[in-house]
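Enquirer: For the record, the sequence lines run as chains A and B. My numbering numbers the first residue of the first sequence as 1 and each following residue consecutively. My numbering numbers the first residue of the second sequence as 1 and each following residue consecutively.
None of these hints come from the bench; they were simulated from the model. There could be a bad hint or two in this list.
The list treats identical chains as interchangeable, and a pair is accepted whether it falls inside one copy or across any two copies.
Below, in silico cross-link-like pairs of lysine to any residue (SDA-like), each with a Cα-Cα straight-line distance of 25 Å or less [unchecked claim]: (1) Lys240 to Ser302; (2) Lys240 to Glu111; (3) Lys123 to Ser201; (4) Lys173 to Val293; (5) Lys240 to Glu269; (6) Lys173 to Glu297; (7) Lys173 to Leu136; (8) Lys152 to Gly235; (9) Lys240 to Leu147; (10) Lys240 to Pro258; (11) Lys240 to Asp254; (12) Lys152 to Ile188.
All values derive from a computational prediction rather than experimental measurement.
These are the residues of each chain, in order.
Protein chains: 2
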Amino acid sequence: MVVPSQVERVLKAAKKLGYRLDPVAASLRTGRSRLVGILVPDIATSVFTPILAGATERLSSAGYSVLVAYVGNDSERQRELASGLVARRVDGLIVATASREDPLVTFCIEEELPIVLVNRTEKTLRVSAVASDELLGMQLAVNHLCLLGHCKIGHLAGPPEHSTGFLRRQGFKQALSLHSISASRAPIQNAGTYTREEGASATRRLLDQHPELTAIVAANDLLALGAYDVLRERGLECPKDISIVGHNDMPLVDLVHPPLTTIRISHREMGWMAADILQQALDGGGSTLRNVVLPPELVIRSSTSSPISEADRKTVRAAPGKTGMLRPARQV
Amino acid sequence: MVVPSQVERVLKAAKKLGYRLDPVAASLRTGRSRLVGILVPDIATSVFTPILAGATERLSSAGYSVLVAYVGNDSERQRELASGLVARRVDGLIVATASREDPLVTFCIEEELPIVLVNRTEKTLRVSAVASDELLGMQLAVNHLCLLGHCKIGHLAGPPEHSTGFLRRQGFKQALSLHSISASRAPIQNAGTYTREEGASATRRLLDQHPELTAIVAANDLLALGAYDVLRERGLECPKDISIVGHNDMPLVDLVHPPLTTIRISHREMGWMAADILQQALDGGGSTLRNVVLPPELVIRSSTSSPISEADRKTVRAAPGKTGMLRPARQV
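Given the sequences, and given the hints that come with them, work out the whole structure.
Expert: Written out as structure tokens, the structure reads:
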């Protein structure tokens with residue numbers, strides 16, 4: 001039998017000789033690595049940086065190291081990466097890449113690997129998750145526009161396979177019906193990915209088909225900035241001709257022209273909370289399912305105003321030098 | 001003796017039974033983990049995200065996993081983190097946090113741990129590094145302003161303990177002397193960190209002491225955006241009253257108002273190259289010292305123009321409602 005004082009003496013002597021705890025060897029014995037994997041989408045956007053930073057801050061101070069994997073949307077590749085992380089004995093995963101029915105979540109449940117979803121959630125709550133209240137976010141955006149007097153509002157939707165795209169789209173529809181605006185007056189265009197370029201092409205389609213719109217609610221700030229690009233190329237002014245609302249309040253959107261009205265989400269806080277939940281699960285806290293929904297906030301800047309009169313708009317609406325297949329004949 | 005065909009048969013059988021290579025156990029045997037650590041400054045700026053993404057892309061496709069550590073500027077803590085990474089048997093490090101004389105580099109040399117510096121370099125080349133040509137960058141910025149007719153140019157310098165701050169400051173001075181502009185006409189203010197807030201306070205000091213300036217060269221885009229904030233609070237216009245040049249061409253500075261003239265650095269490419277150099281070193285490529293200096297590029301947008309006449313400027317210069325300790329008496 002080894003008594004505690006002997007252990008202490010041995011450790012002291014070992015330390016003197018320059019020995020340190022070898023986490024790799026220790027993990028073979030304890031089965032714990034104090035390593036956490038974080039899966040982040042491969043496009044390095046400003047949204048995921050604060051989530052990553054928040055989670056890493058919390059985990060580092062709790063003595064965990066963080067293994068970050070940038071992954072695409074291919075679920076086979078995601079599972080491969082996750083297997084690799086499991087093989088490296090990560091204690092758990094924080095996943096910012098979840099689709100609404102994610103095979104990776106199934107894999108983690110089967111492997112009994114603790115996992116917390118962040119920002120994007122599944123259709124049904126199978127594992128703990130931290131996300132923004134997407135329905136409320138869209139309600140704030142639509143209420144703001146309706147109060148300004150808009151009733152012809154379009155939506156640039158995000159990818160429907162992610163909860164952010166899906167729920168914001170749903171939130172948009174719900175909010176409009178609360179204001180008794182029919183779906184036909186509220187067209188939706190999908191952006192394939194959350195990029196400025198995809199935002200621009202979705203905006204082109206939206207305005208080609210619906211030149212009567214006076215406002216656009218984007219599912220994400222980058223999509224909104226893509227809409228800015230299209231207004232500029234068509235000689236339209238924001239907010240005079242079209243008001244625009246973004247989503248996320250990513251860094252610098254207060255400095256773009258015009259400063260973007262948007263829905264603020266606390267991404268860093270999201271990272272903190274996901275890390276805390278995972279850490280509790282790892283430090284013996286059982287497996288209580290947690291579903292944290294953070295309230296977003298409307299930030300009003302200068303990209304939204306009351307709509308101008310119908311008569312004034314029509315002359316402005318023309319897109320000089322652009323040919324849109326579906327644009328009405330009154331182009332000049 | 002084990003013959004190759006036997007090895008193959010055993011592996012095949014093992015695979016059939018569901019066995020996979022355990023990288024942790026394997027690393028104990030081979031001493032190789034195929035893990036690379038990347039040290040990134042703790043402030044999650046848009047600059048480090050593309051470096052990280054670039055390095056991770058390359059390393060992942062070469063079969064390495066990446067352990068990212070967000071670290072502060074405290075060198076003791078940095079060494080602790082690095083020890084932790086060494087203990088986890090990282091094969092090598094990519095370091096984006098180097099100071100000009102970095103104890104961490106000494107530590108890695110002593111531990112014989114392959115290391116590549118990225119973006120920030122040391123005073124003397126002790127290990128391989130990939131960075132931008134900082135002197136050329138500042139020359140491009142200053143030349144552009146001088147060609148527009150500016151000769152009273154100030155500099156918002158970055159932290160002098162980092163090569164970016166130090167060399168851009170040096171580049172600024174060199175470029176001005178090439179244009180025969182004396183140092184007294186080219187004042188410099190240090191920003192403690194690369195943030196919009198620090199950029200704003202350095203700009204306040206710069207303009208309080210030197211209201212005659214017609215242009216500012218910032219060592220970083222965030223510092224330039226801080227200068228934008230101060231111009232706005234003082235009722236000054238950019239570029240009419242003061243031209244501003246940034247550095248980095250981070251995402252969205254083309255959309256701020258006015259769109260920022262800046263020096264473009266290929267951060268993603270920097271990440272790729274650092275990863276390639278490290279990988280070559282790890283895959284038995286010896287220890288040739290590499291010093292890669294990437295050429296930056298001037299991107300002219302709308303924050304720079306020719307200076308307006310002296311007479312016009314003086315009335316504009318006043319800062320309504322602001323009291324600057326060192327501001328001249330002609331304030332209104």
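Enquirer: Now tell me, hint by hint, if it's right for this structure.
Expert: Here's how the hints hold up against the structure:
In this assembly of identical chains, the alpha carbons of Lys240 and Ser302 lie at most 25 Å apart whether taken from the same copy (10 Å) or from different copies (22 Å). When the C-alpha separation of Lys240 and Glu111 is checked against a cutoff of 25 Å, the pair qualifies neither within a copy, at 55 Å, nor between copies, at 63 Å. Taking the shortest Cα distances, Lys123 and Ser201 never come within 25 Å of each other, neither inside one copy (28 Å) nor across copies (47 Å). Taking the closest pair of Cα atoms, Lys173 and Val293 come within 25 Å of each other only inside a single copy of the chain (20 Å); across copies the shortest separation is 52 Å, beyond that limit.
Proximity of Lys240 to Glu269 under the C-alpha cut-off of 25 Å is found in neither arrangement, the shortest distances being 35 Å within a copy and 40 Å between copies. For a Cα distance limit of 25 Å, the shortest separation of Lys173 from Glu297 inside one copy, 19 Å, qualifies, whereas the shortest one across copies, 46 Å, does not. Taking the shortest Cα distances, Lys173 and Leu136 sit within 25 Å of each other inside one copy (12 Å), while across copies they are farther apart (53 Å). Proximity of Lys152 to Gly235 under the C-alpha cut-off of 25 Å is restricted to the intra-copy arrangement: shortest distance 20 Å within a copy versus 37 Å between copies.
Only within a single protomer do Lys240 and Leu147 lie at most 25 Å apart by alpha-carbon distance; the minimum there is 16 Å, versus 37 Å between protomers. In this assembly of identical chains, the alpha carbons of Lys240 and Pro258 lie at most 25 Å apart whether taken from the same copy (11 Å) or from different copies (19 Å). Within a single copy, Lys240 and Asp254 get their C-alpha atoms as close as 18 Å, and across copies as close as 21 Å, so both meet the 25 Å cut-off. In this assembly of identical chains, the alpha carbons of Lys152 and Ile188 lie at most 25 Å apart only when taken from the same copy (12 Å versus 52 Å across copies).
Of the numbered hints listed earlier, those contradicted by the structure are 2, 3, 5.
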